[in-house]
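Asker: Put together the whole structure using the sequences plus the hints.
Protein chains in written order, with the working numbering: chain Y, 14 to 557; chain V, 3 to 504; chain C, 251 to 361; chain W, 20 to 329; chain L, 2 to 100.
Any given hint could turn out to be false.
What the hints assert, rightly or not - To give an idea of the chain C side of the interface with chain V (calculated C-beta under 10 Å), a few residues:
(1) 252
(2) 266
(3) 269
(4) 292
(5) 300
(6) 310
(7) 315
(8) 325
(9) 328
(10) 342
Since the hints were derived computationally from the structure, they do not count as laboratory data.
Everything numeric in this text was worked out from a predicted model, so none of it was measured.
Just so you know, even glycine gets a beta-carbon here, dropped at the ideal spot from N, CA and C.
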Amino acid sequence: MMDSGLLLVATLAFPLAMVVACLHPAFYARILTWLPLAAVPGLLAALFERGDSIVIAPAPLRLTLALDEVGAMLLGGASLLWGAAGFYASISMCGRPGAGRFAIWWLLTLTGSLGVFIVADMTSFYLVFSLASLAAYGLVSFEGTARAQRAGFVYMALALLGEALILLGFVMLVTAAPGGNPLIRDAVAMLPDSPLESPAVLLLILGFGLKMGLLPLHVWMPLAHPVAPVPASAVLSGVIVKAGVIGLIRFLPLEVPSPDWGMALVGLGLITAFYGVLVGLTQSHAKTILAYSTVSQMGVVAAIIGGGMTTGAPHTAVLAAFYALHHLLVKGALFLGVGIAGATGRRHYVSFVLIPMALLSLSLAGLPFTSGALAKLATKPLFGDGVSALLASLSAAGSTMLMLHFLGRLQLLANDDHEGIPQRPLMLVWAVVAGASFIVPWALFANVSGYALADAIQPDALWAASWPILLGATLTLITTRFISRMPTVPEGDIIVVLDKLAPLVMRIGSGIDRTDEVLRRWPVASIGLLSLAIAFGTVLQFGR
Amino acid sequence: MMPAGYATSEGGALLVIAVMLPIVGMIAIFALGLRRAERIAFIILPGGLFIALAIAAEVARTGAAVTYVLGGWQPPLGIALQADGLSATLMVLTALILCAVGLFARGTFSTPPDMSEARRPMVFWTLMLGLWSALNTVFLGQDLFNLFVALELLTFSAVPLVCLDGRRETVQAALRYLLFALIGSVFYLLGAALLYGAYGTLDMAGLRLQAHYNPATSVALGLMIVGLMAKAALFPLHLWLPPAHAGAPAAASAVLSALVVKAPFFLILRLWFDVAPQPGNQLAAQMLAWLGIFSIVFCSIIALRQVRLKLMIAYSTVAQIGYLFLVFPLVMASDAPSAWQSIGWTGGVLQLVSHALAKASMFLAAGLIAEALGHDRIDNLNGAVTAVPISVAAFGLAGLSLMGLPPSGGFVAKLMLLTAATETANWWIVAAILVGGILAASYVFRVLGRAMAAPKIGFKTLAHIPLYRELVVLGLAISAVVLGFVPLQPFAFLGIGRVGLP
Amino acid sequence: MIGTATVYGLCASGLVAIGLYGLVLHPTPLRKVIAFNLLGSGTFVLFGVAARRGGAAGFLADPVPQAMVITGIVVAFASTALAVALLLRLQETGASSIETTPPEQQDNGAS
Amino acid sequence: MTLLPDLALVLLILTAAVWTVAVRDRRDAVIGFIVVGLLLSLAWVRLNAVDVALTEAAIGGGATGLLLLRACARLVPRPAESVLPHPAMWILTGLLCSVIAAGLAAIVVMPVEPPATLAPEAAANMGELGLGNPVTVVLLAYRALDTLLEKVVLVLALIGVWTLTPEQFWGGAPASLRAQQSSGALRLLAQVLPPVGVVIGVYLVWNGADHPGGTFQGGTVLAAMWLLVMMADLREPPEIRLHTLRLLVILGPVVFLVAGFAGFWIANGFLSYPPAFAKPIIVIVEAALALSIAVILGMLVAGPAARAPR
Amino acid sequence: MILVDMFTMAAVGAGMFFFLAGTVGLLRFPDTLSRLHALTKADNLGFGFIVLGLLPQSPDVLSGLKLVVVWLLVQLAAATAGQLIAQFVGLERRRDPAA
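Answerer: Next up, the structure:
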């Protein structure tokens, strides 16, 4: 319909152009109003663009864009959520100090996070990935409170660590492939022959896993996601974590059966899934619980990818993306819903908030007829019939417990004003995202999974989806008292251990300061100079 | 005897002009200064830029080095100047940065209308021009003694810039700088004496043909390289740099950090690849790289702990210099047909160039921030973004390059170094590059986080900064970013005129 | 067989060592400057040794290193002049050594 | 046996050097340094480098010595100059310095055969220029660029020293060089000597074309005469803003540059001289340089301005 | 010729003797003024004898003249230096009579 590739280019260029336009004070003053539009080209591209690489800059730069099925699914979902959250933000952030700054971070993050779905060459991928990671810092730390600052610090530290891991992984990938900047698929195709395969795969799993919040690199997520303003939380937890998912999908050699890496990833994923639930259950803030739910769900996605990798199953990428899309929309809707809940008074709480939120929540656990059920059904074959399949189902029970706990804490947020209702446009936006989270997966299901739609409502399938929920509900009833008495695990759980290390780090730091002070004394430095000259001369003479 | 290696090539006279033009300007200011310092400088600056570009164009056009034999006296008896691809690149870089700094300094170093001549403008502009001539000579010189004189010229221009404001700390810093640089010079000269005693020539091409491993060569190279390291402030010889670069006025700091410390490194590069007997000494190369690694990690951590912005940037310079020294083992272990075709070499040069642009921009931005806020304590930078938004943006963009994040020259440079290190299995270097990147990001974000925070109550801007000064800073930062769009492969231009290695 | 040049070569080595020692350990700048000059003299004598050994073609000594030494001596004098001016100025500002005070104690004036 | 005088001289030099470094009082150290400088000029004669010997005596011992003595006089006396550092420190330093010296010595005692030299090349090309002093030829023809740049170094050093002028004194005159107390003898000397000294300086420059001597040596003698006059309080140091002073400072470099650039037209390139005019050009350049050197040296010793301009 | 050489040796020998004596005096005498005395003696006599001895050896008149000029200049400088030192000592004594 459009000139090939133009929409893809616009996906990235349009939000960036908005950033540049902010240099003009008049536009900068009204930037919030325009925020929802930033994701429109991305949405259009996801709907209408398909096809092969579009080379924007020819070799040797090879800045290449491409949109395949996997990319289109995630791009569409992400654009939708960015657009909706942008609309939400344009209302909720209106008039707040620093709104312009918020918008700029928003646009940069948006560009990066949509970019990861459509770039096809390595360097550009790293570029957009870093952009998404680092610009999100501005969203995390926006509130400026002590809590936000700490979250921002932890987020940044780990994001940088992730960047470093991924960069090294990329370099190892590239050394296997000829040319300066290969396409991702070429580099990955060469990987099995590379002597550096194992370290490269390990680094990539660690790096992308960090972005997804896999144990033990998840610590930033429960800190960072809840502190941001509501629309930012929605995209952080909904979209940004998917950069890790797309990374694993794009960079792991999924088509080649590799049982070792596959099982390792399944194990890591499932452990993360249960761990997220367990720690989440002890939390009391609704948004924190949602963040832990994201940790848990991303564990499931990792396990799905790992399951596919074990056997080299052909559709792993698409199925994982489908699950990710489901989570993207549902989690986005849930976070926006938290904002809605905060604006709703007791009177309308049940009808406006509780029912839709309950449906959304349980969708994550795979409630029949929801997108969750479809996603779980579609990805089931990847787990085979063994223990991992059972554990995957049990994780759904865990999700049920976690989401019920979330619903319980949610009502505490209700507005003091008994009659309060949220602004109508906010309700509308929320409804759109929530609706999309139900409808879109249904629309895609048959295409993606190879099942017929009817398969999803077979009794077998319904039972398979229902028993974990029933189990989870039962367990919740049994353990409610127990859980409420459990001590709260601090947000970010094992980060607390690292906090204990802080004095040590400070001591090392001041130790280095003192060392530097000594080294910078004249006699010490000049003795260093003499020793170096002697050592260097000796090495030159005898060190061959 | 020596083969007649040098012949004045077409356009060779440009090299002489590149060296002499700034001197003419400097002399003119000194003699007629009286109110005209700035005007003279602004004739010389574009002229020098034009010459540098013309030389680069000539190198590109002929695909060979541009040479000038002075007075027609063939080296080693006489002196030759030669511009190859690398020197031409660095000369253009120097010219660009000096022009930018010149524009930036226009407001701050002009003679007040009520005086016939003021100290600061007179001194600043003459020293800047002297420094330019020195740098060009360093990049063009082919004779080790001629290069010694050029290095001294550089030191004499740089040291007084440090103490332009005459405060105690800066005078102290200048004296330290001078004395330590002098030890470096003497070491260099000792090495030159030994080489002359052994080979009867100080011409690099002549030495390359004759040099072989013997005690004289080893001791000479050891002394010279370590002496130059002292001038380049490589860890642990960095004692003079932080106070000197932090104490100088912003415009001077920018030049000192961006260009002056690069000159000794350039000479080490030349000694290593153009003079030292081949094949090079692996162990010694590793030693250089290890010092680089220590520089990166140690000084980045210290940068992170600084209280004052300019000191932080100065420590960051020491750390970034460290990256340059990683080049030696990477190039030597590469299986490229010649050093100039290896990815490590290209990465090193790109690191040099992009750091120069980024650091110049950063120091200038820090200067503007300090002017606007009246201080440069990092913890109190709140509101900088409202006072000087463009400078803060430039700081961030320049920071991108230091961190090695895309898109930026620093990213491509570090990616190339990282690739070279991975290919040659130098895992410690890999680790250092990655850790260095994380630490750099930490110190840059620490500043940005502060600068972008909401201003405190009662915040007010002390000085109004003219827009053009901010734009100069932004321009430098953007050029560092634009370098990130160069292709990820060795550039042919940097290899022009270089002698192939076995 | 040790020749005249060698004797002065050893003298040069000795001067270098003595100068370096003083330069490293003397706490006051003036003494450092003096030591630097000794160090420089040693270096120059080393050139002189090369010159003397290179006497040929009717010259008692190779003129090239001699010329280098003359240039070197002038440069060393210029360095000394600058260093002396700096250390006198340093005294005027109230400091007497070049060991810096920790950065935290420095005032915040920056331009 | 023939080495005995050399050995004795070397021993004297090293002893004086050790004393210079080890002595407690800084004035003694300066005097020690001057002694080393004078002994070194003897050493240079023994190394057959008479030009260097003259330079060393004039600049190394003389001008530098004067500079250091003046610094001594202006520095506030301090009770103990050489606080002995921690024993570990000086033992380590001594060890390292010895190792470096041993390395140098090891190379020095193993001369290469045949000796590395450029003397034949220097000799082969000298005929073209018609000058008799090979060192002058190297300085002003073969390696004229070094010499030119080194003049620029001197100018920069002067600017560097002037940088240290306190703001309010900019443009003014340096502190007086006058001795603490006026002395008739000194005045007499300052009145009698300069005419002779100037003649000697000019002679050294003129003579330098063919015989040992040259710009630096001559220029230094001229500077010494000027300094003597200033020390005897017959003249005050000039104000640094003076136009004449500035012009004198740059005279040498400018003439050198003009001669260099003229080479583009009258010979084959920068700093090359047409054979027929080589000698006059070089002598003119040398004369101009000597004058500038004299002024620069004098001003370097005088230091930064210390009085407000009148 | 022999006679000339013998004269030279004798004169230079005498000059060296005075220098030696002057140096011993410089090292052994108790106070500055007497040291100065020893030094100026050495300068005047020692150097005078040496120049005197070298004069017949000079190849031409110009060289001989130069020697004489050198001698004169040294005399002048030494005399002035002696004066200055003595004056300085006097100054010190007046300031601190105990020294």
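Asker: Hint by hint, say whether it matches the structure.
Answerer: Hint by hint, here is what the structure shows:
Nearest Cβ of chain V to the Cβ of residue 252 of chain C: about 16 Å, over the 10 Å cut. The hint is violated. Because the closest C-beta pair between residue 266 of chain C and chain V is about 7 Å apart, less than 10 Å, the hint holds. Satisfaction of the interface hint for residue 269 of chain C is found here, the shortest Cβ-Cβ separation to chain V being roughly 8 Å, below the 10 Å cut-off. Taking 10 Å as the C-beta contact cut-off toward chain V, the hint placing residue 292 of chain C at the interface holds, the least distance being around 8 Å.
Of the supplied interface hints, the one on residue 300 of chain C holds, with its beta-carbon coming within about 4 Å of a beta-carbon of chain V, less than 10 Å. The interface hint given for residue 310 of chain C is broken, as the beta carbon of that residue sits about 17 Å from the closest beta carbon of chain V, more than 10 Å. At its closest, the beta carbon of residue 315 of chain C sits 6 Å from a beta carbon of chain V; the interface hint therefore holds under the 10 Å criterion. The beta carbon of residue 325 of chain C is positioned within 10 Å of a beta carbon in chain V (closest approach about 5 Å), and the interface hint is therefore held.
Restraint check, residue 328 of chain C versus chain V: the minimum CB separation of about 7 Å is within 10 Å; hint holds. This hint holds: residue 342 of chain C has a C-beta 9 Å from the nearest C-beta of chain V, less than the 10 Å allowed.
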